[in-house]
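All chains, please: the whole structure from these sequences, using the hints.
For the record, the sequence lines run as chains A and B. Residue numbering for the first sequence follows my numbering, beginning at 24 and increasing consecutively. Residue numbering for the second sequence follows my numbering, beginning at 34 and increasing consecutively.
Everything hinted at is true.
Straight-line alpha carbon distances no greater than 30 Å define the calculated DSSO-like cross-link-like pairs of lysine-lysine that follow:
1. B:K43 <-> B:K59
2. B:K190 <-> A:K56
3. B:K162 <-> A:K50
4. B:K190 <-> A:K50
5. A:K200 <-> B:K44
Covered stretches of chain B, as calculated for chain A (at least 3 residues, CB under 8 Å):
6. 76-84
7. 95-105
8. 130-142
9. 181-193
10. 202-210
Hints listed in this document are in silico derivations from the structure and should not be mistaken for laboratory results. Bear in mind the structure is a predicted one, so any value in this text is a computation, not a measurement. Backbone N, C-alpha and C define an ideal beta-carbon position, used for all residues, glycine too.
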Amino acid sequence: MNSARFGGYGGQYIPETLMNTVLEVEKHYNLCKNDPAFAAELDDLLKNYAGRPSMLYFAKRMTGDLGGAKIYLKREDLNHTGSHKINNVLGQALLAKRMGKTRVIAETGAGQHGVATATAAALLGLECEIFMGREDTERQALNVFRMNLLGAKVHTVMSGTQTLKDAVNEALKAWTKRVDDTHYIFGSVMGPHPFPTIVRDFQAVIGREIKAQITKREGRLPDAVIACVGGGSNAMGAFYEFLDDKSVRLIGCEAAGEGVDTGRHAATLSKGSVGIFHGMKSYFCQDVYGQIAPVYSISAGLDYPGIGPEHAYLFDTGRAGYVPVTDDEAVGAFQYLSRIEGIIPAIESAHAVAYAMKLAPTMGGNEIIVVNLSGRGDKDVAAIARYMGVKIDEQA
Amino acid sequence: MSRLKNAFDKKAFIGFVTAGDPSLEKTEEFVLAMAEAGAAVVEIGVPFSDPVAEGEVIERANIRALSVGTTTDKIFDLVKRLRTKTEVPLVLLTYANPVFIYGYGRFFKACGESGIDGIIIPDIPFEEKGELSDYAEKYGVDVISLIAPTSGDRIEKLARSAKGFVYCVSSMGVTGVRSALAENLKEIVGKIKTVTATPVAVGFGISAPKQAAEVCAYADGAIVGSAIVKIVEQYGDEATEHIRRYVADMCESI
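Okay, here's the thing in structure tokens:
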């Protein structure tokens, strides 16, 4: 396999203006990857700053209630900044320093990647600018304020659908304008090569920890690993360590919004087709002429019309399965996990919880499911209240 | 033989419009007006939902064109109509996805049959060109190479593979009118010319006759997009004569 490709997916579909910069990222990444000093610096930050390893928690009440497979939750929500995004950001921010860059930019949907990037930038003394769609700045207003507190400048993106796709467009444009001192920290396993590989490698710590933790606790591998997918970074991070363990089912949960047949969804693999966009060949929601479709999900982090190229490859080869989960199901899981385990999940992660709720009862009590709980739900509380028609006073 | 072959016998002005903005009928008029006013080549933009190499002016034109139902098929029909009226070299500017989705073979066949001479795809760099270059060659369409201020050690490789003309990107960032172009522009054009005899046209940021004259002192042509699309945005259906005058002035200056 070509190192820039996963099967036929991936590649470097970017303007010539960015080519040398992206090639430089690849060169430096390969140097860092093989440098024990880089690994030691990153490990130290992951452990002492981000709080790794994250816990693998046995959800006893949930398991008992659903009456099937044992359910474990990989608690990425307990990381510093509240999601798995910090894993990738610390790695890429260190990489940016190694390249001599003084400024980082990033796109964000739910704001979790933006907050993580702003955090790493503050820690490492980098200038930081975040691009976020106008609709997302409204539904995730709290995260905008967090980024500002951390010293980042947040650009509200007014173009297109004013969500994650458009934030990526504007971040790419901003990078094209200023490459000399700037590194673009892609937040997911997407974009041009080498980003899908870099982000996957930095997120793969999730799967490595799951494997060690479950082996220690249960003496065997899980039967299924479930994660939500937008671009697909937390899923890729959870899956990667298990790719060769064929007994482990890998299941990605896509945002089905109001339903895959309503036209109001972001279920790229269920409903999309192969195309070229945002630097990569992969699956996208699009029309017959290749115009990228407006997509929808209650979850800003999954509200994206594409998916990372390695997921496209895992989908085609059947190594991973991908299922649609609706807004209603995700909101149900959001409430369910809060009540039964006292854990409020991110609405993104709630998509994975929702599928686990369907799958667990169909499995035996001796089987094991690991759900990657990619983030915590504090940021979503106001939006879920709105969805449920509950008025809460945010002015207080 | 591509019509681009003789387009650079003298200094060339290359004008751009987005197809379907405000309508395909008007695009036809605009292209003919540019050709009559002296444009050596006309670029026709295939609108795309997410034109990441474009500044706000052309992005808005893309949205306007799509909102009136412009499609790839309708653009090929437009090109066929144009070819009954003009022999000006026509180059499509589009993004990878509309071409890929149409099917490379089908797309380039339609280019060849309708009378397209070249294609510019900003998000297909040298490394990814291989998947479509055979189709382009088969149907006689030149895939135009872009060279940027950041191309550095890539210039030689890019210039050597150039067909039709080299599109030298004169500014960082996206398309749009600028007062100042990249400082190393003359040097880059000079470097390209040591490697290839293929003509070099400069674009991204040029709007004024003085800028066009300046780049044409060392390059073979000047490309103007946003300044013309701005005229379309301002005058809409009434833009034809304004475009004709603007292009005539630009051609005069070089």
